Amino acid sequence: MSSSLPPRPFPAGPIASVTGTAVVVRGDDIDTDRIIPARFLKCVTFEGLAEGAFADDRTELAGAHAFDQAEHQGATLLLVNRNFGCGSSREHAPQALMRWGIRAVVGESFAEIFYGNCLALGLPCLTAGHDAMRALQEAALAAPTAPLCLTLAEATLEGYGQRWPLVLPAGPLQMLTTGQWDATGQLLSHHAELSRTLAALPYANGFH
Amino acid sequence: MCLGCGDTVSAGTLYDKVWDLHRVAELPGGSTQLFIGLHLIHEVTSPQAFAALRDLGLGVRHPERTVATVDHIVPTTSQARPFADPLAEEMLATLERNCAEHGITLHGLGSGRQGIVHVIAPELGLTQPGMTVACGDSHTSTHGAFGAIAFGIGTSQVRDVLASQSLAMNKLKVRRILVEGRLQPGVFAKDLVLHIIRSLGVKGGVGYAYEFAGSCIEALSMEERMTLCNMAIEGGARCGYVNPDATTFAYIQGRPFAPEGTAWDRAVAWWSSLASGADAVFDDEVVFEAGTIAPTVTWGITPGQGIGVDESVPSLADTPVDERPLAEEAYRYMDLQPGMPIAGVPVDVCFIGSCINGRLSDLQAAAAVARGRQVAPGLKAFVVPGSEQVAAAAEAEGLDAVFTAAGFEWREPGCSMCLAMNPDRLEGRQISASSSNRNFKGRQGSASGRTLLMSPAMVAAAAVTGRVSDVRDLLALVPLQVPVG
Ligand code: SF4
Numbered sequence: 001m002s003s004s005l006p007p008r009p010f011p012a013g014p015i016a017s018v019t020g021t022a023v024v025v026r027g028d029d030i031d032t033d034r035i036i037p038a039r040f041l042k043c044v045t046f047e048g049l050a051e052g053a054f055a056d057d058r059t060e061l062a063g064a065h066a067f068d069q070a071e072h073q074g075a076t077l078l079l080v081n082r083n084f085g086c087g088s089s090r091e092h093a094p095q096a097l098m099r100w101g102i103r104a105v106v107g108e109s110f111a112e113i114f115y116g117n118c119l120a121l122g123l124p125c126l127t128a129g130h131d132a133m134r135a136l137q138e139a140a141l142a143a144p145t146a147p148l149c150l151t152l153a154e155a156t157l158e159g160y161g162q163r164w165p166l167v168l169p170a171g172p173l174q175m176l177t178t179g180q181w182d183a184t185g186q187l188l189s190h191h192a193e194l195s196r197t198l199a200a201l202p203y204a205n206g207f208h
Numbered sequence: 001m002c003l004g005c006g007d008t009v010s011a012g013t014l015y016d017k018v019w020d021l022h023r024v025a026e027l028p029g030g031s032t033q034l035f036i037g038l039h040l041i042h043e044v045t046s047p048q049a050f051a052a053l054r055d056l057g058l059g060v061r062h063p064e065r066t067v068a069t070v071d072h073i074v075p076t077t078s079q080a081r082p083f084a085d086p087l088a089e090e091m092l093a094t095l096e097r098n099c100a101e102h103g104i105t106l107h108g109l110g111s112g113r114q115g116i117v118h119v120i121a122p123e124l125g126l127t128q129p130g131m132t133v134a135c136g137d138s139h140t141s142t143h144g145a146f147g148a149i150a151f152g153i154g155t156s157q158v159r160d161v162l163a164s165q166s167l168a169m170n171k172l173k174v175r176r177i178l179v180e181g182r183l184q185p186g187v188f189a190k191d192l193v194l195h196i197i198r199s200l201g202v203k204g205g206v207g208y209a210y211e212f213a214g215s216c217i218e219a220l221s222m223e224e225r226m227t228l229c230n231m232a233i234e235g236g237a238r239c240g241y242v243n244p245d246a247t248t249f250a251y252i253q254g255r256p257f258a259p260e261g262t263a264w265d266r267a268v269a270w271w272s273s274l275a276s277g278a279d280a281v282f283d284d285e286v287v288f289e290a291g292t293i294a295p296t297v298t299w300g301i302t303p304g305q306g307i308g309v310d311e312s313v314p315s316l317a318d319t320p321v322d323e324r325p326l327a328e329e330a331y332r333y334m335d336l337q338p339g340m341p342i343a344g345v346p347v348d349v350c351f352i353g354s355c356i357n358g359r360l361s362d363l364q365a366a367a368a369v370a371r372g373r374q375v376a377p378g379l380k381a382f383v384v385p386g387s388e389q390v391a392a393a394a395e396a397e398g399l400d401a402v403f404t405a406a407g408f409e410w411r412e413p414g415c416s417m418c419l420a421m422n423p424d425r426l427e428g429r430q431i432s433a434s435s436s437n438r439n440f441k442g443r444q445g446s447a448s449g450r451t452l453l454m455s456p457a458m459v460a461a462a463a464v465t466g467r468v469s470d471v472r473d474l475l476a477l478v479p480l481q482v483p484v485g
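These protein sequence lines are chains U and R, in that order. So for the first sequence, our numbering puts the first residue at 1; every next one is plus one. So for the second sequence, our numbering puts the first residue at 1; every next one is plus one.
To be clear, the hints were calculated from the coordinates, so they are not data collected in a lab. Please read these numbers as outputs of a predicted model, since none were measured by experiment. Even for Gly, the Cβ is constructed at its ideal location relative to N, Cα and C. One should not assume that every hint holds.
Derived DEER-like restraints, expressed as beta-carbon distance ranges [said to hold, decoys possible]:
hint, chain 1, residue 1, chain 2, residue 2, range
1, R, LEU87, U, GLU60, 17 to 27 Å
2, U, ARG8, R, ALA278, 48 to 58 Å
3, R, GLN79, U, GLN69, 36 to 46 Å
4, U, GLU47, R, GLU427, 23 to 33 Å
Using the sequences and the hints, build the whole thing.
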């Protein structure tokens, strides 16, 4: 079980690459209630969320879920399909994945709030086309312990004997590779501009 | 801006105008720093944000622009403190402490103003046209009903709004969804939005804001518009909105946080100027005919898996190839066979409430069906008002008595079985008729529990018949109210 592994530190500073093995979770429209069921949200810290990752799916599959299989313990890359992370805004979802050990997600597409939540935590989400993603998942299932290297700058995944081209838009790429995915510092630096915006908004000034 | 001399906001869509008005700066990663006019918080997604502020040594920049309530974890039977569930109690106590420490207003239990965050902000007059509204909850899209740009955010972003009253955002495209004509009797805004999502898909709106317009939308009440915008997120659109009009202004006027006197007149002038102009250019447009829509019910495990109550569960052959794996998973999980009519499917639990359908008009519509009837034997049915104000208004017109006489339980306000973080939950494989907005696997508290989404009137119809039923048949049975004498 993942809980027996020492927790992997969260990323800090620029992220150039993610190395390790991949775990496949197949299916379109995997929602955040499945990534982390609501009962795990009853907490005031994010610690301990690893055990909640896909908890109900894992129970249902009684040990056969990829997150429970021995060869995937320690995996850093998660390979998914379309509209992954749809549903609620709970940041508990990427938190749970990261606390389980995931450091990058590759899929066909992601739900928007989930994508933003991942980015805010330094969890890169890259995309690939439908067929490429299927092929990548097949390769990963055939060689579950094969080492991989995801390079952000080139948006490529090396492994299974080839280079897989992926997509990472310029904005997130820059934020991740410069270590500025966490926007707080930038937001705080525009103090005067924010005051000007506020002063020009009628509703913030009693409509005077 | 000079409001006194008839100056109005520039051309374009409401989305463009509100975006421009709230733009603080362009950020290095290509995103925009956007000022947030109204920040709503609750007990589930805020504690880690406050903890992060503490770690970073930061304060709350504009505590007067954040408003808190408690909704997700509150029990609906007894709300006496401390709660029986120590984790729920800890979450509320943490929220109370954080709000007190940072000078944030908390509309707590018993204040007369507590309720589901997306119900109370509009009813208090906090939500207004032209605002940016953010909340650590995806159904923040609800507030778009007022012509606000309102979206859900994660906890790191809650921290950012607390610290800076702003967010790093990327601009969306705008799809106009024109709905023309009138909904038939017995067909509600919930059916309309389920129908739209069924048609455009749960990922159809990714990258878009949805502007709802057209004669049908213009005729909707504010509560109906909120129902519609609430589920924009279930269609993949991070926000949905309706242009503000006389209906919007009439709703807001006189509410506790609404502008008054001369400020009211200036507010209405400004709000009116924000509506998408005739020159507005949309990135996409889709048209629906309201009159053709039937009461709609979901049969599967995403809100897009909906059908008219007079239809059958779609077969694989009728399902687009790329959606077939999901359909097969849904048949298995829901234990429904392709080709079987959805009407007649027996239900175990009926839930009326949530931020999409827990308002007064929702309870009125359900009560109209329940009045003089009885909940089917062996079935559990309960009504959870969306807020303390909704509860009081419903009780004032005797709706609680209508429901309890029919065998429904009348509960205290909260999110309740919409996501079952409180004691209200499905057991085992129970199947529920639910007026909430999500039918995901395990959503209502049991890992194998099943959810059929529908309008509150349809839930009431299911409750009194024990099975999925076309509410129009029941409404037709109600004799016309002829004045006695
Ligand atoms: S009622 Fe349901 S969807 Fe609405 S805020 Fe509460 S949990 Fe979320």
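Each hint, compared with the structure:
no. : hint                            : result
1   : R:LEU87 to U:GLU60: 17 to 27 Å  : holds (24 Å)
2   : U:ARG8 to R:ALA278: 48 to 58 Å  : holds (55 Å)
3   : R:GLN79 to U:GLN69: 36 to 46 Å  : holds (44 Å)
4   : U:GLU47 to R:GLU427: 23 to 33 Å : holds (30 Å)
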